[in-house]
Amino acid sequence: DIQMTQSPSFLSASVGDRVTINCKASQNINKYLDWYQQKHGEAPKLLIYNTNNLQTGIPSRFSGSGSGADYTLTISSLQPEDVATYFCLQHSSRPDTFGAGTKLELK
Amino acid sequence: EIQLQESGPGLVKPSQSLSLTCSVTGYTITSGYDWSWIRKFPGNKMEWMGYISNSGSTNYNPSLKIRISITRDTSKNQFFLQLNSVTTEDTATYYCARGYNWFAYWGQGTLVTVSS
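The listed protein sequences correspond, in order, to chains A and B.
The first sequence begins at 12 in the numbering used here and counts up one residue at a time.
The second sequence begins at -8 in the numbering used here and counts up one residue at a time.
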């Protein structure tokens, strides 16, 4: 299985800050990397698929980048409603595997 | 609007089977996509468990292959998870989701606790 190492595990930032979350795969995953947001008690929400494609309805302050084994989710200007846990998912090779998650809180 | 909703017992005894239903509205499960089960353990680790395709074929996580079965009832537009011989380590929130690769639609999740 491909291992996904996500960092940081916890992040505290202020409104308006630029926030980055990283996922590193144990091998090249050819940009088959998605990002999800999960707020407490809610279903996960797809933010970005295949590294840099913004899902319909997701604000443009969210963006993704990366290649090979290294990928990044960026929130350009943090908003209060962005408080959530974020996780990555690779679908390059079955079984799909997830990062451990990043809990984002407001400072 | 596409909606998925998990249902099933919230408490299962060790060594028994866990059975969950995912009811889908707003889309016919035979029309396309794969229909997956995913679980989130206490501590937030997530695991893709397997899927049933729109044609009825299945694909399971090898870590679960001898214990898992995903089936469907097309007349009710539902698909099901059965996980056999559960242990306390199967305690998790179970989600159903739709997608070929990425998962654009998820259910709200249902917590299943394995305990005697």
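There may be inaccurate statements among the hints.
Claimed, not checked - In silico PhoX-like links for lysine-lysine, alpha-carbon gap of 25 Å or less: (1) Lys114/A with Lys35/A; (2) Lys56/B with Lys50/A; (3) Lys35/A with Lys36/B; (4) Lys50/A with Lys35/A; (5) Lys36/B with Lys4/B; (6) Lys56/A with Lys4/B; (7) Lys36/B with Lys67/B; (8) Lys67/B with Lys114/A; (9) Lys50/A with Lys114/A; (10) Lys42/A with Lys36/B; (11) Lys42/A with Lys114/A; (12) Lys4/B with Lys67/B; (13) Lys35/A with Lys56/A; (14) Lys56/A with Lys118/A; (15) Lys42/A with Lys118/A.
Please keep in mind that the hints were generated in silico from the structure rather than gathered at the bench.
Status of the hints after comparison with the structure:
1. Lys114/A with Lys35/A: holds, 17 Å
2. Lys56/B with Lys50/A: Not OK: Lys56/B and Lys50/A at ~31 Å, beyond 25 Å, violated.
3. Lys35/A with Lys36/B: holds, 16 Å
4. Lys50/A with Lys35/A: holds, 23 Å
5. Lys36/B with Lys4/B: Satisfied, since the Cα-Cα distance of roughly 22 Å is no more than 25 Å.
6. Lys56/A with Lys4/B: violated, 31 Å
7. Lys36/B with Lys67/B: Not satisfied, since the Cα-Cα distance of roughly 31 Å exceeds 25 Å.
8. Lys67/B with Lys114/A: violated, 38 Å
9. Lys50/A with Lys114/A: holds, 10 Å
10. Lys42/A with Lys36/B: holds, 22 Å
11. Lys42/A with Lys114/A: holds, 23 Å
12. Lys4/B with Lys67/B: violated, 28 Å
13. Lys35/A with Lys56/A: holds, 21 Å
14. Lys56/A with Lys118/A: holds, 23 Å
15. Lys42/A with Lys118/A: violated, 32 Å
Violated hints, listed in ascending order, are 2, 6, 7, 8, 12, 15; each of the other numbered hints is respected by the structure.
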